[in-house]
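Enquirer: Residues in the sequence shown are numbered from 0 upward in steps of one, following numbering that gives the first Met the number 0.
Be aware that one or more of the hints could be misleading.
[Said to hold, decoys possible] Think about it this way: if two alpha-carbon atoms lie no more than 25 Å apart in a straight line, the pair counts; the simulated SDA-like pairs of lysine to any residue are: (1) Lys82 - Ala64; (2) Lys82 - Arg104; (3) Lys82 - Asp98; (4) Lys146 - Gly177; (5) Lys210 - Glu196; (6) Lys210 - Gly241; (7) Lys146 - Pro234; (8) Lys82 - Ala103; (9) Lys82 - Gln118; (10) Lys210 - Asp153; (11) Lys210 - Val178; (12) Lys210 - Ala200; (13) Lys146 - Ala169.
Because the hints were derived from the structure by calculation, they are not lab data.
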Amino acid sequence: MSAPPRRGRPIAVEEPVDGGIGPFVAAHRAGLGAVAVVAVAALAGWSIWSRVADSASAHPDGVLATDAVDVRGVASWVRCDLKAEALRNASLDGGLPLDDPELARRLARAFDMHPWVRQVVAVTLRHPAAATVQILCREPVAMVSVKGGLLAIDAEAVVLPSADFTADAAALYPRIAGVDSSPQGPEGSPWGDPVVEEGAALAVAIGPEWKPLGLTECRPTVTYGQRRWELIGPPPRTIRFG
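Please construct the entire structure, taking both the sequences and the accompanying hints into account.
Expert: Given below as structure tokens:
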């Protein structure tokens, strides 16, 4: 005999309590009041902090102006306004909030990108708003002859801002001739040619002897498949090197 069909158990449904939300509010009045007090206090605190933070950022003591940035280590041969150029190129020539956690890093990056700067040694922030940036500058060692004039380089064959040199100042440096290449990047970047790198190293090696020997330029030559250098002075002075 077949079993009688099982009847599903009905889902219990609580009957709504008459009276709406009123009884609930009455029963929990103290708790709701405490929540309201906390919410109002939090909102008031946030509002006050927002006004204080905005006021602190706008206060002169909390804003770093360009005049308050002290740059140390600028070499005597740098004729441009290195600080102004570095800050302007990095869009940091406006007021900078001293409470910016990235401010020291941003200043270091700005000066590190300048073609005259070899290294940013340290950045120190102080209050009232002031900063000290310690740098090491690249030193020119030679001028490379190119079409249209001369380009300055340092000991690592990094191209320097030639606009900082007058014709008389450029003439004081050893001249590297016989270079067929052009710089592979902007000022502040390596030239990218082994010939220029060798010429820079040669200028550093001979150093102060250039003037006593009456030398004015050096140029590469190839002998038996090997590159050598000629040091040129007043005719007929030529010294073979390497």
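Enquirer: Is the Cα-Cα distance between Lys210 and Asp153 25 Å or less?
Expert: holds (18 Å)
Enquirer: Sort out whether Ala169 lies within 25 Å of Lys146, counting only the CA atoms.
Expert: Holds, at about 15 Å.
Enquirer: Compare the distance between the alpha carbons of Lys210 and Gly241 with 25 Å, and conclude whether the hinted pair is satisfied.
Expert: holds (20 Å)
Enquirer: Is the Cα-Cα distance between Lys82 and Asp98 25 Å or less?
Expert: holds (21 Å)
Enquirer: Is Lys210 within 25 Å of Glu196, Cα to Cα?
Expert: Holds, at roughly 21 Å.
Enquirer: Going straight from one Cα to the other, do Lys210 and Val178 come out at no more than 25 Å?
Expert: Holds. Lys210 to Val178 sits at ~22 Å (cutoff 25 Å).
Enquirer: Starting from Lys210, check that the Cα of Ala200 is at most 25 Å away, please.
Expert: Status holds; Cα separation ~17 Å.
Enquirer: Regarding the pair Lys82 and Ala64, is the alpha-carbon distance no greater than 25 Å?
Expert: holds (12 Å)
Enquirer: Does Lys82 pair with Ala103 here, judged by a C-alpha cut-off of 25 Å?
Expert: Holds, at about 15 Å.
Enquirer: Given the proposed pairing of Lys82 with Arg104, does the C-alpha separation stay at or below 25 Å?
Expert: The hint holds at about 16 Å.
Enquirer: Run the distance test for Lys146 versus Pro234: straight-line Cα separation, threshold 25 Å.
Expert: Roughly 23 Å between the alpha carbons, so the hint for Lys146 and Pro234 holds.
Enquirer: Regarding the pair Lys146 and Gly177, is the alpha-carbon distance no greater than 25 Å?
Expert: holds (11 Å)
In terms of the numbered hints stated before, the structure departs from none.
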